[in-house]
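**Student:** With these hints in hand, go ahead and build the complete structure from the sequences.
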Amino acid sequence: MAKDLLYYLIFPGFLFTALVGAIFSWIDRKVTAWVQFRKGPPFLQPFYDFFKLLLVKETILPARGSKMTFLFAPLLGLTGAALASMLILLPAIGTKPGFNGDIIVIFYILTIPSLTYIIGALAAGNPLASVGASREMKLIISYELTFLLILAAIIMKAGMTITIHEILAVQTDEGAFIGSISGILLFIAFVFCIQAKLGLVPFDMAEAETEINHGSFIEYSGQAYALIRLTRYMMLFILPAFLCTVLLGGLRTDGIHLLWTVLKTLGILLVLTLIRNTNPRVRIDQAMRFFFIWMNLLVIAAIILDYFNL
Amino acid sequence: MKSEPSTMNKIIPIGPYHPLQEEPELFKLYCEGEIVKDIKWETGYNHRGIEKLSESKTFDQVFFLVERVCGICSTSHPFAFANCMEEIADIEVPDRAKYIRSIIGELERIHSHLLWLGLAGHFLGYNTVFMWVWKYREPVLDLFEMITGNRNSYAMFKIGGVRRDIENSKIPKIKETLDFLKKKIDMLVGAIMDDPVIHARTKGVGILTQEDIINYAAVGPTARASGVEIDVRHDDPYAAYPLVNWKVITAKGGDVFAKTEVRLLEILESIYIIEQCLEGLKKENEGDIEVLVKEIPEGVGTGRAEAPRGEVFHFVKTDGSNYPVRHKIRAPSYVNIATFRKACIGQTISDATISLAAVDPCYCCTERMACAYDLHTGERILDGKGLIDLSQHVTDTLIKL
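Chains as they are written, first to last, in this note's numbering: chain A, 1 to 310; chain B, 1 to 401.
Because the hints were derived from the structure by calculation, they are not lab data. All C-beta atoms in this analysis are idealised placements derived from N, C-alpha and C, irrespective of residue type, glycine included. A couple of the hints might just be wrong.
Sample of chain A residues at the chain B side, in silico, Cβ under 7 Å [stated by the list, open to error]:
| id | residue |
| --- | --- |
| 1 | Phe37 |
| 2 | Val201 |
| 3 | Glu209 |
| 4 | Asn277 |
| 5 | Pro280 |
| 6 | Arg283 |
Sample of chain A residues with no beta-carbon within 12 Å of chain B, all distances over it, derived [stated by the list, open to error]:
| id | residue |
| --- | --- |
| 7 | Ile10 |
| 8 | Pro42 |
| 9 | Leu55 |
| 10 | Val56 |
| 11 | Lys67 |
| 12 | Tyr108 |
| 13 | Ile141 |
| 14 | Ile162 |
| 15 | Ala169 |
| 16 | Gly179 |
| 17 | Ile188 |
| 18 | Thr253 |
| 19 | Leu263 |
**Tutor:** So, in structure tokens, the structure goes:
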């Protein structure tokens, strides 16, 4: 029990993911700065941002919102992110095999942060936040089906097993899933799903700064917003790690494999950063069409290809 | 910001403080879901009483005042005012001054359009475009610093000519910068006009038909993007524009994409005009940049200039003294902002914001008069006299301290 708590709070759960996530966020900002001919923030900037919000800034509560829901939503989101990180990373780095069916549980838990953004935004009682919440809702509806199809394809590839541990074992034996045409298609769809889940351009319409003024998060400040920032840092690490686990052969930490693990996750982060810097924000209806039609077709094509072992 | 959950109608405010706009201005979008059903706009956050101030300045000082009407197109107002005063006094400016005026005006158009392009990228969430375009805007500002000594608010104009010459020795440096810019603009034209996601976001958005433009009397790139060939430089030639060879850029679409296209191509056209003006400069004698103006006769005059956003109109009445008796300014955004109502109703909030940004609204140019009304009685509580009383009261209290 004490060991499980350690897993959840320190490694590989909350603390570790938060640290790596903050560093990832710094890399994201630094690369963005390079792309845009800027200098970029210092290494500790994500930590400065977080601790300033947590320790210095006051928390302002919305006058006409539901205050308890408003404050508890970020906490719930953080809990979900920490849980997801533990469930993904424990089997991925080989510390402890997960339980049977954990990939299904992870699919649900990965939705929790987005859901709590919606809950918090609706509790804020601000018209801009409600627009943000409705956009986030539509976005979830559109990408979740694609995400589920991707996981289904991966389960098929792994011979109908629904345990991360066994999916990894199949990949260790037969090579990573990305080494096939269907694997590459799945990778592309997965990257776009991550982009939408993280709310990065082109799918940042829920907080579109120049349209609805940071939409979902407009009323958040101080500690509550610090928790949201932390959740977002963590998700920035968890989702690439999950992609690595299910498609790129896992996150092994022994010997030279540690270097590969780092390179793989950083590579995915680089792809995410470049996509967000070379695209404008799309409209919510365009995003829905993109996922409903094109991404779903892509994944279905991957499933069909996989049927022929391509 | 009262929301009415019963009807699902909500008011989405853009402003008075909003990342979309650098200046304070309030647009209320009455939305059903994401669709904008109606809008209302409130101005008056930015009124500075320029016209009244102008009546207390000498003609030479007015140039510095009207230069500060707008921070971005800071030469278009002096340009129009100079045209206006020269009409009253019936002055013919030397050719060299005409060329210099046109060079300053066109350089300003380049930097203003680049500024808009960057901001438009930012409004679409495309911050890379924002940073890149503003990086390429920097050499233009450096040119301004070299020619006039200032990056903005150039203080180049005076009645009868310009204040500083562009020495022939500076021409190669200007040409070099223009060549650099031309390459970079060509790259941007390629990158922006061919990007499928930008097409998806801007094509068919905020369409203004030719009829709308005429009904709203819109001017500048906003009008030209809808196929209305209106340009003061062409319709009422002034400065060196009749002396050089150029064409009015128009587009057919009337949507945000067409407005972007017009602005991008106008930058290239401006570079072309400047190159010809530089050739013209070489033919004229250095130092021949002004005629001596002793006094301004009594009379009225109008002056127009094509600012980056459209036609700037100045009206001045003089009485033979060295102060204007009445000075009226009309900035292009004043008519262009009104087209927002037509462009945004029926669109989503995402499209409405970019449609608003597409007319390149400049509120500090636009705001001419403001008064406050009591919300309950409808009574006017602060007018011109009230403002003067208020300022006198404040001064009195300050003196007593």
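**Student:** For every hint, state whether the structure bears it out.
**Tutor:** Results for each hint:
Here the hint on Phe37 (chain A) is kept, as its CB sits about 5 Å from the closest CB of chain B, short of 7 Å. Nearest Cβ of chain B to the Cβ of Val201 (chain A): about 5 Å, under the 7 Å cut. The hint holds. Satisfaction of the interface hint for Glu209 (chain A) is found here, the shortest Cβ-Cβ separation to chain B being roughly 5 Å, below the 7 Å cut-off. Because the beta carbon of Asn277 (chain A) sits about 5 Å from the nearest beta carbon in chain B, less than 7 Å, this interface hint is met.
Against a cut-off of 7 Å between C-beta atoms, the interface hint on Pro280 (chain A) holds, since the closest Cβ of chain B lies about 4 Å away. Against a cut-off of 7 Å between C-beta atoms, the interface hint on Arg283 (chain A) holds, since the closest Cβ of chain B lies about 5 Å away. Ile10 (chain A), annotated as away from the interface, keeps every beta carbon of chain B farther than 12 Å; the closest lies near 36 Å. Every CB of chain B is more than 12 Å from the CB of Pro42 (chain A) (nearest about 19 Å), matching its label as outside the interface.
Every C-beta of chain B lies more than 12 Å from that of Leu55 (chain A), the closest at about 26 Å, which supports listing it as non-interface. With a least beta-carbon separation of about 22 Å from chain B, Val56 (chain A) lies farther than 12 Å from that chain, consistent with its non-interface assignment. Residue placement check: Lys67 (chain A) keeps its beta carbon more than 12 Å from all beta carbons of chain B (closest about 18 Å). Once the 12 Å rule is applied to beta carbons, Tyr108 (chain A) is consistent with being away from chain B; the minimum gap is 28 Å.
Under the 12 Å C-beta cut-off, the non-interface status given to Ile141 (chain A) relative to chain B holds; the minimum distance is some 15 Å. Non-interface call for Ile162 (chain A) relative to chain B: holds, since the shortest CB-CB distance, roughly 36 Å, exceeds 12 Å. The Cβ of Ala169 (chain A) sits about 40 Å from the closest Cβ of chain B, beyond the 12 Å cut-off, so the non-interface label holds. No beta-carbon of chain B comes within 12 Å of the beta-carbon of Gly179 (chain A); the shortest separation is about 30 Å.
Taking the minimum C-beta to C-beta distance to chain B, about 16 Å, the non-interface status of Ile188 (chain A) holds against the 12 Å cut. Listed as a non-interface residue, Thr253 (chain A) keeps its Cβ farther than 12 Å from every Cβ of chain B; the least gap is roughly 35 Å. No Cβ of chain B comes within 12 Å of the Cβ of Leu263 (chain A); the nearest lies about 25 Å off, and the non-interface call holds.
Hint compliance for this structure: every hint is met.
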